[in-house]
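Chemist: Sequence:
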Amino acid sequence: MNAYRTQLLIMAATVVAGDILTKQLALSFLPPSGIPLEVIGDWLRFTLAFNRGAAFGMHVGPWSRIVFSAFAVGMVAVLLVAAGRVTGPAQRLVAAMGLVAGGALGNLVDRVRWDRGVVDFIDVGVGLTRFWTFNLADSAITVGAVLLLWPTSEAVRASPPGPVDPGTA
Numbered sequence: 001m002n003a004y005r006t007q008l009l010i011m012a013a014t015v016v017a018g019d020i021l022t023k024q025l026a027l028s029f030l031p032p033s034g035i036p037l038e039v040i041g042d043w044l045r046f047t048l049a050f051n052r053g054a055a056f057g058m059h060v061g062p063w064s065r066i067v068f069s070a071f072a073v074g075m076v077a078v079l080l081v082a083a084g085r086v087t088g089p090a091q092r093l094v095a096a097m098g099l100v101a102g103g104a105l106g107n108l109v110d111r112v113r114w115d116r117g118v119v120d121f122i123d124v125g126v127g128l129t130r131f132w133t134f135n136l137a138d139s140a141i142t143v144g145a146v147l148l149l150w151p152t153s154e155a156v157r158a159s160p161p162g163p164v165d166p167g168t169a
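For the sequence shown, the residue numbers in my numbering are 1 to 169.
Calculated from the structure, these hints are not laboratory results.
These figures come from a predicted structure and were not determined experimentally.
Among the hints, a few may not be true.
Stated by the list, open to error - Here are the simulated distance ranges between beta carbons:
hint : residue 1 : residue 2 : range
1    : Pro62     : Pro36     : 39 to 49 Å
2    : Leu128    : Thr6      : 17 to 27 Å
3    : Thr14     : Phe71     : 38 to 48 Å
4    : Gly41     : Gly61     : 32 to 42 Å
5    : Leu37     : Arg92     : 31 to 41 Å
6    : Leu128    : Pro89     : 44 to 54 Å
7    : Leu25     : Gly84     : 17 to 27 Å
8    : Ile35     : Phe131    : 26 to 36 Å
9    : Leu128    : Arg52     : 18 to 28 Å
10   : Ala145    : Gly61     : 24 to 34 Å
11   : Val81     : Gly18     : 16 to 26 Å
12   : Ala77     : Leu37     : 31 to 41 Å
All C-beta atoms, glycine included, are put in the ideal place defined by N, C-alpha and C.
From just these sequences and the hints, can you work out the full model?
Modeler: Have a look at this one:
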């Protein structure tokens, strides 16, 4: 197996394990769904919630569970293929891909094991102004996506502007 695929799988497995553990702790110790537990005042609370949709409350109706499960499986497959094609030093890139894959798989576990939805519990905000409730898998996907975009933006800034060929523009 390609070393970068191995690195991706190790990172993904670490995220999945952490995600499953933190969700199980949330299910075991938090008050019933919707009742916040203040951790750092009102700014950081743990509030048990179940999300049948995807990030930021996205839904595709009764098909959400199937659509988002299929998307997660497809995304992990694409990332595994991409990791196998990486050449040269790319540890940060592959770690970022592992974070995204692990987050997708962590939420997929919830979608497969029950129909209640993905367990969310991290609740950040002030007063009534709150961010969407999320979990460790969501955080891994977000951080991974930012890290994946970072090398791209550096490469775009580093490349000098050249003449534009009207035939390709």
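Chemist: If you check the beta carbons of Ala145 and Gly61, does the distance land in 24 to 34 Å?
Modeler: 25 Å, holds
Chemist: Taking 17 to 27 Å as the hint, is the beta-carbon distance of Leu25 and Gly84 inside that range?
Modeler: Hint violated: Cβ distance 35 Å, outside 17 to 27 Å.
Chemist: Could you say whether the range 18 to 28 Å given as a hint is met by the Cβ separation of Leu128 and Arg52?
Modeler: 23 Å, holds
Chemist: Is the distance from the Cβ of Leu128 to the Cβ of Pro89 consistent with 44 to 54 Å?
Modeler: 47 Å, holds
Chemist: Does 39 to 49 Å hold as the CB distance between Pro62 and Pro36, or does it fail?
Modeler: 29 Å, violated
Chemist: Quick check: does the Cβ-Cβ distance between Leu37 and Arg92 fall within 31 to 41 Å?
Modeler: About 35 Å separates the Cβ atoms of Leu37 and Arg92, which means 31 to 41 Å holds.
Chemist: At the C-beta level, are Gly41 and Gly61 separated by a distance inside 32 to 42 Å?
Modeler: 37 Å, holds
Chemist: Could you see if the CB distance from Ile35 to Phe131 stays within 26 to 36 Å?
Modeler: With Cβ atoms ~18 Å apart, the hint is violated.
Chemist: CB of Val81 to CB of Gly18, is that within 16 to 26 Å?
Modeler: 25 Å, holds
Chemist: For Thr14 and Phe71, compare the CB-CB distance with the range 38 to 48 Å and indicate the outcome.
Modeler: 22 Å, violated
Chemist: Tell me if the beta carbons of Leu128 and Thr6 are separated by a distance inside 17 to 27 Å.
Modeler: 46 Å, violated
Chemist: Note whether the CB distance of Ala77 and Leu37 lies within 31 to 41 Å or breaks it.
Modeler: 38 Å, holds
Going through the hint list in order, the structure does not satisfy hints 1, 2, 3, 7 and 8.
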